[in-house]
Amino acid sequence: MAAALGRAPDAPAVLRAAGRLSSEIEPAARLGLSLRAEDPSVCELYVLGGALLARGRAPLAGRSAEAAMTHGESTHRPRLAEIRDRPDARALEAEGFGALLHLPLLAGGTCLGTLDVAWPTEGEVDEETAAILEHAALILASSLVGHRSAERAAMAHEEARAILDNVEVGLALLGPEGELRSAPSRALVDWLGPPPASGRLWDWLEPHDPAFAEHLDVAWSALTDGFMPTSAALAQLPVRCAAAGRPLELRFRPVEHDGGLREVVLVATDISERLERDAARRGEQELAAAMRFVARDRVGFGAFLQETSRLVDRIREGVASALEVHTLKGNAADAGAASVAEAAHALETALGSGADAEPRREALVEQWRRYRERLEAAMGPELVEVGLTAQEHARFEARVALEAPSLLREVRSWRWERLETRLAHLRDVALRVAERLGKPAPEVELDADRVRLDPAVFGPLWGSLEHAVRNAVDHGLEAPEARRAAGKPERGRVRISARCVEERLQLTLDDDGGGIDWSKVAEAARRRGLPDDTTTDLRAALFAPGLSTAAQVTEVSGRGLGLEALAYEARRLDGAVRVESTPGAGTRLLVDVALPAEDRGPEAPAPEAPPPEQDGWAALVREDLDAHRALLGYEEIPDLGLTEQLEHRIVQLEQAMVRYRTLERSLVEVARHYGAVAERVDRILEKGVQDAREDARRLRELHFRAREAAPEAAELALELLARLQRQDVQGQELADISEAVRAMTEYLEDDAGTLYDRLVQLPSTLDSLLPRVDIDARDVPLDEGGPSLELF
Amino acid sequence: VSRILIVDDAPLIRDSVRSLLEASRHEVLEAEDGDVGLERLEGGDVDLCLVDVNMPRMSGLEMIRRARAQGFSGPMLVLTTESTRALRAKARAAGATGWLTKPADARTLDATIAHLAGGA
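If you're matching them up, the sequences are chains A and B in order. Positions 4 to 795 (the numbering used here) are the ones given, in order, by the first sequence. Positions 13 to 132 (the numbering used here) are the ones given, in order, by the second sequence.
Each hint should be verified, as a subset may be incorrect.
[As the list claims (entries may be wrong)] Partial list, derived from the structure: chain B residues whose beta carbon lies under 10 Å from chain A:
no., residue
1, L89
2, L99
3, A126
[Unchecked claim] Which stretches of chain A does chain B cover? Using the computed rule of at least three CB atoms under 8 Å from a CB of chain B, they are:
no., segment
4, 216-226
5, 230-239
What the hints contain is simulated information worked out from the structure, not anything from laboratory work. Predicted model, so just to flag it, every value in this text is computed and none were measured. Even for Gly, the Cβ is constructed at its ideal location relative to N, Cα and C.
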């Protein structure tokens, strides 16, 4: 049996039906079957004499009747040609088909059209044929529905496509192997360019974000492995990538079918704006955290800033260890500087994986810069610089000594001063002195190593150097006319240099003045009863107390204190002062002192240097006393009560040291308590907030219940009243009940009023208690569950 | 309920994984390095094992290799922050069942454990 059919919707089913139809009718009748749908282009079928012919038209068939014919093996080609152009009933009638059956094509209660069956007039439609025809109508109807919904779907698809292509969201359908299933939406193509030949998503992303692409490839393999549940594998796909300079967020939604992954819908969003918003919000949070930190522990915050800045410097220079990066991360996280902590984490990860860490390093430096900038903008540079008072520093050090002794040296170094700063100060002194003396401002040249020194150790030395500088400008540099006469420029020159050489600090102070007038020194020495025979004698005399060569004591120098004090300080630091002078050409003062072990820089594995011991101090003073004796050339200190006075002072000093040690210990205690208290306050605040919320909730609940209960009670009272009256109960009983209810009502209303007042006041009370805690009792949700507090 | 062994040198990670898993009523064993991990595998009737890749002394992959040699046949998941083709290949070769990217959220962890332990 030959059959030809245009590609009708669900063509095989129609074919089967028609085939069955024709085989069963043959040879009893010649049938003409014409399918008339509402849309005439859909399908027409003719069953003629047992052979099924079909005529399909676009868009249903997609090919011509002729094509359909050649596709099948029709024995009735001519007939088809004949009726093709006149498929209407009239034409059929003319062909000799008399009866027409109209079978409705029903689907879901809707008539989609009719199946018209032309029947030869002489024939009869038997029941069996009718049943077959009805069946055929049913199949055709369902085919039509299928076709229509496909058509509708295509239309919907077009519409959806138009929408999808015009939204700022990139969409694509991916197969289980990560291959693109359909044309991705326009946004994706705009961002990523045309899809790659391989069709794989990661290949598409590769040129934009290679690391991400690799990660995606790897993570995607977990989807196909089958080891991991789909949801877990999907959850682990990376989501943030960069394309054409914009951050994208990818989301993957599985389309599962029969328990297997059929497709994955990719939704890509440009998240630049969201990131900006997030960054702004996070900036605010970081600021709030910093402020809380400052409020709680200003010293600790200052320490955090200094320490982190130092670590960031080291990271910038590329000398920081992984441990330092880790420390920075922890500190930043503790301080609530999330952006910095994250950047540190990224750097740490990069360092750990051997990936190129440079971009991460830059990112961290940049994040820290921004963090500081935000802080400074909000708090002002003073707060950020956090000049710690000596007291605060001591307290902080005490805490560190207790909690992290290994950091002590580091923390101590924070208050050390840069050598340059000190030298700059000496230059200022020189310029000021010159100005006051009416001399032309000297040219002052500075030359300092980049070293920091503990002011507690070196402070006095700097002080005495100031005297030496004054001397140099006052006595060393000649008056302008004298300089002119000597053929020198009117402006004098002073050079101050400070260098760390091995374990010594070497300071030089040069001037191009007239040099030391030794005759005057000898004269002054003689005046003071000091030896003046040899050069050594004279040099020693320079450092004697009260020796001044100035003819006249000037305002700024000349009391003879300069070199004596300097020599004293130099000796205290296990050093010495030397003077070289060339008449007419200038003077050079050389100070050479020891650097304490812990000031020698981080390279020296310095043993933990103990703070000056009380014995040490006392010994120092005693030593000094002896030195004085030697220096002054006296066997005994002249009887000026000085010895006793000094001895007394030593005792005082010793006592002070004991007090200091005690105090220091107390400070450690205080610091420890301070930390513990801060923690407890935090907890109390936290609990307070919770309690307040709970109170508010209860109060509100009470209030509502009271409000509800009061009218109820009143109603109950009325009802009782009526009942009692009807039953003629004793008047007293009635009165009692009525009174009880009234009292209850009153009580409830009073209570409600009070509670409500308290409730309303609660936020302000809380606000006054906790200035930074934001609570609005009115926003506390009222539980629908039972009351947690009994009313009666 | 499964017995799950977590091998990670970071106590923080172990703690958080433990609390996540215990919330889902799993029994959790911990090991701070590969050696201890292998001991635990020998002694305990472990259903599933989570192993950090970067650990001092013995790497996570080495531990997986030895665990397989030792005869442990349950699922072993690699915990890692790094996701490269090279690592994937190495993890496979060592005998890892799959991997979890740190930090894994509770749902992912739960789903994975349920999937693997349920099937085991």
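Each hint, compared with the structure:
no.: 1; hint: L89; result: holds, 8 Å
no.: 2; hint: L99; result: holds, 8 Å
no.: 3; hint: A126; result: holds, 7 Å
no.: 4; hint: 216-226; result: holds (count 7)
no.: 5; hint: 230-239; result: holds (count 7)
The structure agrees with every numbered hint stated previously.
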